[in-house]
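Chains as they are written, first to last, in our numbering: chain A, 1371 to 1703; chain B, 1371 to 1703.
It is worth saying that the hints were derived from the structure and are not from the lab.
This structure is a prediction, so every number in the text was calculated from the model and none was measured.
Take the hints with a grain of salt, since some may be wrong.
As the list claims (entries may be wrong) - Pulled from the structure, derived: some chain B residues nowhere near chain A, Cβ distances all over 10 Å:
1) 1380
2) 1406
3) 1467
4) 1468
5) 1540
6) 1625
7) 1629
As the list claims (entries may be wrong) - Restraint ranges, calculated between C-beta atoms of paired labels, are given here:
8) B:1504 with A:1573: 20 to 28 Å
9) B:1533 with A:1380: 33 to 41 Å
10) A:1391 with B:1471: 42 to 50 Å
11) A:1465 with B:1538: 32 to 40 Å
12) B:1603 with A:1598: 50 to 58 Å
We put the beta carbon where it would ideally sit given N, CA and C, even for glycine.
2 protein chains.
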Amino acid sequence: MPPALLRARDMIEPALRESIRDLAPDIQRVVGYHLGFSDAEGQPVAGEGGKAVRPALALLSAEAAGAPADVGIPGAVAVELVHNFSLLHDDVMDHDLERRHRPTAWALFGMGQAIVTGDALMVLAQRVLMEPATPEHSSAAAALARATAGMIEGQAQDLSFQSRLDVSVDECERMSANKTGALLSCASSIGAILAGAGDLEVASLAEFGLHLGLAFQAIDDWLGIWGRPALTGKPVAGDIREQKKTLPVVIALAAGGPDSDRLRELLSNGGLSEAQVSMAADLVERCGGSERTRTEAGRHLALALGALDRAPLALPAREQLEEIARFVTARDF
Amino acid sequence: MPPALLRARDMIEPALRESIRDLAPDIQRVVGYHLGFSDAEGQPVAGEGGKAVRPALALLSAEAAGAPADVGIPGAVAVELVHNFSLLHDDVMDHDLERRHRPTAWALFGMGQAIVTGDALMVLAQRVLMEPATPEHSSAAAALARATAGMIEGQAQDLSFQSRLDVSVDECERMSANKTGALLSCASSIGAILAGAGDLEVASLAEFGLHLGLAFQAIDDWLGIWGRPALTGKPVAGDIREQKKTLPVVIALAAGGPDSDRLRELLSNGGLSEAQVSMAADLVERCGGSERTRTEAGRHLALALGALDRAPLALPAREQLEEIARFVTARDF
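Extracted from the complex, chain A is given alone in its bound form (with noise of 0.2 Å):
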């Protein structure tokens, strides 16, 4: 793992657990459980939480512009809250019961107060940037608010991906350039925000979280149908059994041709049987899903990077976001 991203982890989770203090015990606990800072039981647990990708790139950006690390930890903070609020409801609309090999919160606390910790966390998440009132917070408050609300409206066009076959690149492309892109790209962003960087600075580094947050969904899409379960963690071919328009569906859905139709037709059906989500999977492969997909995420990738060249930041933190952006993307694929 980068030492980047160690080092967030640790810098971040004090600042986390601080942020979280004052919040109601009911909605604490959860929290606390979702978090991985304690079990079902509100026990305290010596677990490793997330991976603190998001709290590394705020801190970086931080550096990038000038400033030291700590004058990002706030946007830390706060996209990972917001992350986490993310995580919290869209468990409960996937019915997801697993997350990092623990059962969701809604499956062990309810749908109420999962739902409920989340509102907090994203209301928190603001707060959090709110004081001190400076013009500083006060832009990063205004880009959390706007990187939320594309991240909402992404998983919105998600949901109704599910009842639809018509979906086209594009719009897959703008879903996940909202669902995935718009926090990562704040998150890469927000430490420069609040270390008063010029426009040039914010403008490439958010650029190069939108696409590495491309990069990465496409990577995450691919290995929805191929990853392997026991790096997943999940089922082969997963995506395609829960009818998830993910890119390789939606590229295979475009191409045209007998292989396509043929795939159409399987999945306009109800629920699929393992032999017919074995074939979709290779239908979508054979009319060039994986590879494009592939190919995009690469694309992507090669964007983020060439996005860090468009403005003058500083070293190391600039070698740092090349390094978490080729960790990050460098799943088994």
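Model the placement of chain B on the given structure of chain A, informed by the hints.
Quick look at chain B alone, frame taken from chain A:
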């Protein structure tokens, strides 16, 4: 209906429509239906919408601070959006199927769409107050975020009360101060904040709104047991059937004595028969739950009106605030 409420509805509707115009189509469809702007198919309907109590308070609070009502519009829109975010999520959490004599959004569009639409409204409310980034707008955004956090905390407390029989009267009032009071307090002062009013004016208006919320909630709790179905649109003793720990029930459980003990025994069972529901309502009344709840409502209304005397507020707004307070607490009681 007080003229200030009718005026608020007319002033706020265009701004509210404008604020949701840029939401994604999937979200906009659900919002439009929920707000009563359109039917389930998205066709415009000439509905009346809600009572616009919160927007009216926001506009009047700007005027009470000596500014034109217009100054309060962003605050009025923002509190109305937060209120509707909470309705969307509460209906999911409470499994309510009807609101204002129509199917609830989740019943019609599915749980996922209702959750994500609520999320979108919460963040939109914040964004409405973020531009332009004046000190007044920043203060208003901070006040709204604080109120939203309080409201969410109240909802979490309310959820946790359902499985408890030892809720104290104090806990119940704190919950209502959060769940209902926080946003009404914000609504009643956000216009003054936007107008750049002094701390004394803002504090007195906020206190007015808090006690108005507590009075309103006490009445709502009373109606939830003894309200006439023809007027409330809800079944007799509905709150008892749903095991809600509202103020009358909590007062009765805390009263002590044989009737209180019998009530506790009755409520400790799961599903109540109709005869048991009616018996429980009688026991709550015999333990003083009805009378003391009415007393509490009156006490908080007096405190609300008294708060308006603590600062030099401009006329006629000050009197119109009083008129609205009397109107919303003068339900069939």
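Could you say whether the range 33 to 41 Å given as a hint is met by the Cβ separation of residue 1533 of chain B and residue 1380 of chain A?
This hint holds: roughly 38 Å between Cβ atoms.
Is the Cβ of residue 1467 of chain B farther than 10 Å from every Cβ of chain A?
holds, 16 Å
Would you say the C-beta atoms of residue 1465 of chain A and residue 1538 of chain B sit inside 32 to 40 Å of each other?
holds, 37 Å
Is it correct that the beta-carbon of residue 1629 of chain B has no partner in chain A closer than or equal to 10 Å?
holds, 30 Å
Is the Cβ of residue 1540 of chain B more than 10 Å away from each Cβ in chain A?
holds, 15 Å
Taking 42 to 50 Å as the hint, is the beta-carbon distance of residue 1391 of chain A and residue 1471 of chain B inside that range?
holds, 43 Å
Measuring Cβ to Cβ, find out whether residue 1380 of chain B lies farther than 10 Å from everything in chain A.
Fine: 28 Å to the nearest Cβ keeps residue 1380 of chain B off the interface.
Exclusion check [residue 1625 of chain B not at the chain A interface, CB over 10 Å]:
The claim holds: residue 1625 of chain B sits with its nearest Cβ about 26 Å from chain A, beyond 10 Å.
Please test the hint of 20 to 28 Å on the beta carbon pair from residue 1504 of chain B and residue 1573 of chain A.
For residue 1573 of chain A against residue 1504 of chain B, whose Cβ atoms are near 24 Å apart, the range 20 to 28 Å holds.
Does the no-contact call for residue 1406 of chain B survive, Cβ to all of chain A over 10 Å?
Fine: 20 Å to the nearest Cβ keeps residue 1406 of chain B off the interface.
Against chain A, does residue 1468 of chain B keep a CB gap of more than 10 Å to every residue?
holds, 19 Å
At the C-beta level, are residue 1603 of chain B and residue 1598 of chain A separated by a distance inside 50 to 58 Å?
This hint holds: roughly 55 Å between Cβ atoms.
Violated hints for the displayed structure: none, as all numbered hints are satisfied.
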